[in-house]
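Modelling step: build the complete structure from the supplied sequences, incorporating the hints.
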Amino acid sequence: MQLILRGISHRYGGTNVLEDISFAVGDGEIVCIVGPSGCGKSTLLRIAGGLERPDAGEVLVAGTAPDGSLNPLTYIFQDFALLPWRTVAGNVSLVLEDHGIEAKKRRAIIDDVLSRTNLSDFSHALPRQLSGGMKQRVAIARALAVKPAIMLMDEPLSALDSQTRELLMDDLVALWQRERFSACYVTHNLAEAVRLGRRIVVLSRRPGRIREVVEIDMPLTERPGRLVELEKLQRRVWEIMREEAREADREISDVT
Amino acid sequence: MQLILRGISHRYGGTNVLEDISFAVGDGEIVCIVGPSGCGKSTLLRIAGGLERPDAGEVLVAGTAPDGSLNPLTYIFQDFALLPWRTVAGNVSLVLEDHGIEAKKRRAIIDDVLSRTNLSDFSHALPRQLSGGMKQRVAIARALAVKPAIMLMDEPLSALDSQTRELLMDDLVALWQRERFSACYVTHNLAEAVRLGRRIVVLSRRPGRIREVVEIDMPLTERPGRLVELEKLQRRVWEIMREEAREADREISDVT
Amino acid sequence: ADKINVGIIPSLTSHSPSIIAEAKGYFADQDLEVEFVSFQSAQPMAVAIASGDVDFGMTAISGGLISLADKGVIKVIGGALQETPEIEGQKILVSKAAHDAGVTSPADLKGRSFGITTTGSSFHYMAHKIADGEGFARSEIHLRPLQKVPAVIAALKSGQIDAWSIVPNIAGSLTAGGDVVEIGKVSDYIDDYQVTTIFTSTANTQEKPDLVKRFLGGLSKGMDDYNAALVDKTMGEDETAEIVAAIHEYIYADQPLDKAAPRISTGAMRMSPNAALNLASVEDQLEWFKSEGLVPEGVSMEKLVDASFVETY
Amino acid sequence: MSHEAAAEGRERAEEDVAAREAARPVPFRGGGFTHRRLGPVAPIVFLAIIALWEVGSRTGAISPVALPAPSEALGALADLVATGMLWKHVGASLYRLSLGWALGSLLGISVGLMIGLFSLARAGLLPLVSALFPIPKIALLPLFIIWFGIGEGSKVATILFGTFFPTVIATYGGVDNVDRNLIRMGQSFGLSWLSIVRKIIIPGAMPAILSGFRISASIAIVLLVAAEMIGAETGIGAYILMAGALFALDQLIAGVALLSTLGLAIAWLIGRTERALLAWRA
Amino acid sequence: MSHEAAAEGRERAEEDVAAREAARPVPFRGGGFTHRRLGPVAPIVFLAIIALWEVGSRTGAISPVALPAPSEALGALADLVATGMLWKHVGASLYRLSLGWALGSLLGISVGLMIGLFSLARAGLLPLVSALFPIPKIALLPLFIIWFGIGEGSKVATILFGTFFPTVIATYGGVDNVDRNLIRMGQSFGLSWLSIVRKIIIPGAMPAILSGFRISASIAIVLLVAAEMIGAETGIGAYILMAGALFALDQLIAGVALLSTLGLAIAWLIGRTERALLAWRA
Ligand SMILES: Nc1ncnc2c1ncn2[C@@H]1O[C@H](COP(=O)(O)OP(=O)(O)OP(=O)(O)O)[C@@H](O)[C@H]1O
Ligand SMILES: Nc1ncnc2c1ncn2[C@@H]1O[C@H](COP(=O)(O)OP(=O)(O)OP(=O)(O)O)[C@@H](O)[C@H]1O
Ligand SMILES: [Mg+2]
Ligand SMILES: [Mg+2]
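Going down the list, the protein sequences come from chains X, F, W, C and H.
Sequential numbering of the first sequence, starting at 10, is according to this note's numbering.
Sequential numbering of the second sequence, starting at 10, is according to this note's numbering.
Sequential numbering of the third sequence, starting at 15, is according to this note's numbering.
Sequential numbering of the fourth sequence, starting at 115, is according to this note's numbering.
Sequential numbering of the fifth sequence, starting at 115, is according to this note's numbering.
A hint or two may mislead.
Pairs of lysine-lysine, PhoX-like flavour, derived with a Cα cap of 25 Å [stated by the list, open to error]:
(1) W/Lys-85 <-> C/Lys-251
(2) C/Lys-251 <-> H/Lys-251
(3) C/Lys-202 <-> H/Lys-251
No lab work stands behind these hints: they were computed from the structure.
Here you go:
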């Protein structure tokens with residue numbers, strides 16, 4: 010499935026948050042979004058997921074979701090959004106219950122995603138008994154459970170140690186290999202961005218505009234072997250962001 | 010000020026979370042703690058800060074706090090813990106109000122820490138109007154406001170983009186240069202760990218034990234120029250964690 | 015002047031005499047300064063007298079009153095409303111539905127429901143007296159405690175209870191509406207019924223007998239005026255209107271005078287002259303309370319009544 | 115630069131659409147569960163109900179014994195205004211109400227906070243509250259007279275007792291619901307116990323306390339009638355009792371309408387307070 | 115390996131201490147603001163109060179007109195048991211209570227949810243609730259008789275009305291306080307509206323609803339007396355009213371004690387429910 014954003018602009022009260030953002034996520038493409046804190050990445054993702062209405066512009070999907078996809082456009086929230094009164098398994102179960110899946114199959118799905126996120130031991134724990142990283146993994150498990158066609162991920166690995174992050178990223182890549190979902194991946198980790206992204210959309214400081222789009226024409230599977238090339242790309246993205254910051258600084262010193 | 014942990018063990022209900030952890034944070038030292046998700050890093054930090062009583066062991070401080078330190082042992086929470094009913098400035102003000110600082114001086118402190126965390130424009134915003142990274146910066150600003158002698162930081166930069174993280178890390182280093190506070194820094198970013206840590210305590214998987222302590226005898230100021238050496242150290246820590254994970258995997262496959 | 019508090023119930027015209035006495039200066043003549051205190055029912059008034067917040071009150075003899083007298087805190091000192099043959103007394107009423115179903119005389123009340131305010135109220139007493147008089151068991155008249163007079167009226171009007179007995183002015187306005195039919199008189203079953211009495215705290219009777227006497231003196235004059243103006247109608251029209259206006263200061267005060275005046279003046283029952291007390295009737299009532307187990311066995315007339323202030327018969 | 119990029123992005127988007135099957139907009143899923151302020155719905159509802167009622171009364175569908183027409187009640191109200199008694203009644207009631215409610219709320223919040231904060235208070239006081247709350251004030255009227263006299267004391271006390279208990283329960287329920295993480299944060303910054311209570315627990319419990327105020331204020335108004343049973347000559351409750359005693363339904367309804375209006379006014383005030391104090395919620 | 119490391123760490127720690135000035139333990143700051151379950155504090159409190167009261171009555175410090183001794187009330191209670199009337203009274207009251215409370219709560223939760231969920235319901239119904247809640251049920255007794263008769267109907271209706279309004283307010287207050295982020299999450303996963311309400315909003319509002327139950331249950335018990343004012347021969351309320359009319363204070367207190375016990379029992383039940391349903395809170 011494809012996701013197309015056209016001329017998205019948005020403001021909260023007096024502040025312009027997004028300005029004329031247009032890009033598309035092709036079938037089975039992962040597009041990474043990077044940009045300074047507070048530039049509107051989460052807002053953009055919320056708009057893309059139909060959770061917020063943009064002031065201008067439109068979001069479209071094209072293509073059909075693969076069989077068995079329960080929620081084509083699925084979100085992983087930056088603040089996890091776990092129900093505090095449900096156990097880990099219950100939180101995953103929540104998103105399956107509306108689809109008339111028989112209990113046994115549902116349990117199988119839950120067991121599967123929990124073991125993939127290394128949470129099997131904690132399926133009966135409540136959110137308040139989990140560490141930060143474990144909460145994030147529950148959020149990921151929940152998203153995986155509905156077999157999304159397009160994933161909207163808001164810094165899904167930020168609270169994880171490098172070890173676990175590596176593991177889950179491998180898992181994500183493997184999953185992508187199998188299911189070829191499309192994804193919009195917000196991250197502030199440039200290494201992650203070049204590791205996963207078919208394209209990297211670099212946003213400018215608030216108001217968020219598209220500063221540049223970096224294309225990476227390298228199959229995901231080949232990337233672990235071609236780290237040096239990736240490193241160069243990462244540095245390029247880093248340079249763009251740096252430049253942006255410098256420009257912004259200039260602006261500020263102009264004003265003051 | 011120094012912080013000394015001696016033989017800390019802790020369990021929640023049936024699960025052993027920490028086992029016999031002992032280390033010390035010397036005067037003006039930054040000790041980084043790394044370890045897999047859920048291994049007990051946050052728990053250890055809560056115990057170190059006197060917020061939780063360990064089942065065994067003790068936490069000691071030695072030395073005197075420098076002048077003007079309002080809260081010698083200060084915490085930056087992984088989940089930010091902002092009061093939703095106070096503005097950004099109000100959240101910072103909260104921790105100053107108990108110390109009988111006159112209003113003008115208080116405002117000056119608030120303005121200072123907010124500008125250092127790039128939040129001046131948002132001093133009147135409520136937490137719900139902030140992005141994830143901005144919330145984290147408020148939590149940092151709040152901690153800076155009390156001029157801590159020992160900082161207990163639980164993944165303080167995890168929700169920030171690399172750009173902002175770099176900036177705040179520089180700020181932290183500069184601050185440390187000036188004030189020489191001691192710190193216990195939990196992170197899952199090994200680059201951060203080798204950049205800031207005088208020592209890196211690597212914890213094992215749950216139950217968290219000290220797996221190894223890596224010493225880095227290099228002044229903080231020199232580190233940006235000696236990236237290659239740091240890279241090597243980082244790889245070493247990475248190897249330790251990998252080995253730990255492999256061992257754990259072996260254990261698991263032994264059991265199943 | 016001595017300050018005294020007098021309890022009144024602003025929905026009952028039977029409290030008029032003290033108001034008249036105050037308006038006409040009869041209390042002032044006795045060197046009394048009167049303050050009226052309103053109550054919604056007799057029970058709290060009795061309690062307030064027991065607690066010393068109020069000095070004098072008027073009420074039917076109820077279980078609560080006897081119970082307080084048994085505790086030695088209040089005493090009945092005189093009579094007020096008195097049924098007399100020549101003046102219309104309390105009526106026995108039935109709902110239209112019950113009347114249509116054949117309840118046309120008090121004898122038919124057997125097996126019917128009868129509204130009362132509370133257990134041990136005067137309505138309870140009258141119901142049993144009717145049963146006694148008609149010769150059927152007291153338990154064959156089904157009592158329905160409804161707490162308040164308006165609640166009984168509502169239940170009677172809507173046919174949810176069959177029968178009730180009440181003073182003539184209320185009975186008159188009910189039968190006028192057509193929902194309710196009169197089937198008899200209470201005086202046929204109770205001789206010389208002492209409907210209400212005047213009472214005060216035991217402390218007053220013992221420590222300030224003079225004050226009690228002066229109050230009764232003033233009140234008797236008010237009662238005489240009331241009888242003259244509204245019962246015997248021997249008073250001049252102007253003076254009567256004046257008295258009605260004075261009463262209206264406290265009774266039915268929330269209605270305009272032209273609406274309230276007829277309600278005040280019609281169906282007034284006689285006040286016992288000089289507040290004389292019918293001991294026989296009081297004793298009959300006390301015996302009935304005892305026989306129903308509503309008050310302790312040990313209550314005697316001496317505990318209930320202090321007969322030293324007024325004539326008794 | 116950024117403009118170029120945007121233009122490029124847009125071109126690609128168009129291409130994509132043209133090349134493949136027709137694109138459809140992402141359905142908006144984020145709606146609902148928030149509150150828009152609608153226009154004058156409430157007045158319309160009230161007017162409609164009153165109009166229906168009037169029509170019912172006029173046509174005889176509603177028997178005058180069951181309920182008088184609103185116009186009659188209005189007449190009684192007009193009488194009240196004309197005789198100038200309205201202000202006397204309302205004034206007397208408002209005085210008792212505000213005093214009783216303020217004292218009851220103050221005490222209730224204090225005790226509620228104690229129950230919410232101290233295990234000992236919870237163990238000792240909560241059962242006491244549960245045991246005393248269900249005691250009907252009307253049943254105790256005779257005792258109230260003896261305890262508090264027949265002056266303003268017993269009236270204020272009745273309202274005080276009525277508002278005290280629900281406030282206690284709402285307050286401690288709110289305290290229990292405050293996020294424990296925020297309290298830990300306060301402790302970690304060495305905030306004094308009092309500061310934590312004042313700046314973290316009370317604001318956190320505020321939604322529940324205000325919700326409790328809505329309940330306790332209504333109960334206070336209900337209890338006006340019970341309070342004014344004893345020795346009251348003025349007051350809306352006394353007026354209603356009087357009307358009830360005379361079965362003057364028009365006055366009864368007029369008095370009840372006054373209480374309703376009072377209730378609406380207080381609810382409006384609490385609503386304003388909520389909007390002011392709870393603006394931090396979404 | 116890890117053992118060595120630990121040992122090493124400990125050594126260093128000892129060194130540090132030895133080398134510099136004396137170390138002192140970090141003060142524990144995380145205490146308080148949670149609830150320990152204490153022993154039998156409540157029974158002790160109750161017994162102490164009753165003992166004091168008994169002593170006060172015996173010594174004459176408390177006048178028998180103001181309050182009878184607990185032993186007398188106990189005597190009245192014993193009479194009730196002996197005559198077998200206790201179960202008749204309690205049974206009749208419990209029936210009215212459970213029916214009225216269950217219906218009132220059910221309706222109240224439904225309307226409260228509607229007000230919490232729909233802007234239109236909020237605009238239209240909330241003012242209506244604010245206007246009707248403060249109407250005193252006792253004042254309307256005569257009308258209740260005409261509307262609902264003098265049978266069980268009017269009794270159940272009185273309790274129903276009394277519990278309905280506080281439940282509405284507690285429920286919608288709870289709905290307002292549910293974290294909007296969780297609702298957005300539910301929407302993003304395409305949960306049906308009903309699922310969101312059932313699985314996110316109702317559990318989120320549950321603390322407030324249960325707190326409301328504590329209030330509404332107590333109010334229901336209070337209203338027993340008002341309900342049984344109308345033509346009731348059995349029931350705790352009727353018993354209390356009769357005792358009040360006869361100024362039989364021992365019976366009055368015995369009846370009130372029965373209501374208190376009922377209140378305690380219901381509070382205990384709600385406490386259990388809370389512990390079961392709200393175990394997810396810290
Ligand atoms: N209140 C609690 N009750 C029960 N178990 C808890 C509680 N808090 C933490 N735990 C358990 O303790 C373990 C350690 O948690 P902790 O938060 O210290 O991990 P962490 O190392 O900080 O992980 P992360 O890097 O993911 O934040 C976890 O397995 C968690 O499930
Ligand atoms: N509900 C809201 N009301 C007002 N302003 C808001 C609201 N939500 C977000 N904002 C503002 O919009 C801007 C963008 O927020 P957003 O959460 O999209 O940033 P972000 O790019 O995701 O940042 P981060 O990387 O820190 O998560 C911020 O300046 C924030 O203050
Ligand atoms: Mg964000
Ligand atoms: Mg943690």
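Consistency of the hints with the structure:
Restraint check for W/Lys-85 and C/Lys-251: satisfied, since their Cα atoms lie roughly 24 Å apart, inside the 25 Å limit. Our distance criterion of 25 Å between C-alpha atoms is met by C/Lys-251 and H/Lys-251, whose separation comes to about 13 Å. Only pairs whose Cα atoms come within 25 Å are accepted, and C/Lys-202 paired with H/Lys-251 is accepted, the gap being roughly 23 Å.
Figure legend: structure checked against the earlier numbered hints; every hint is met.
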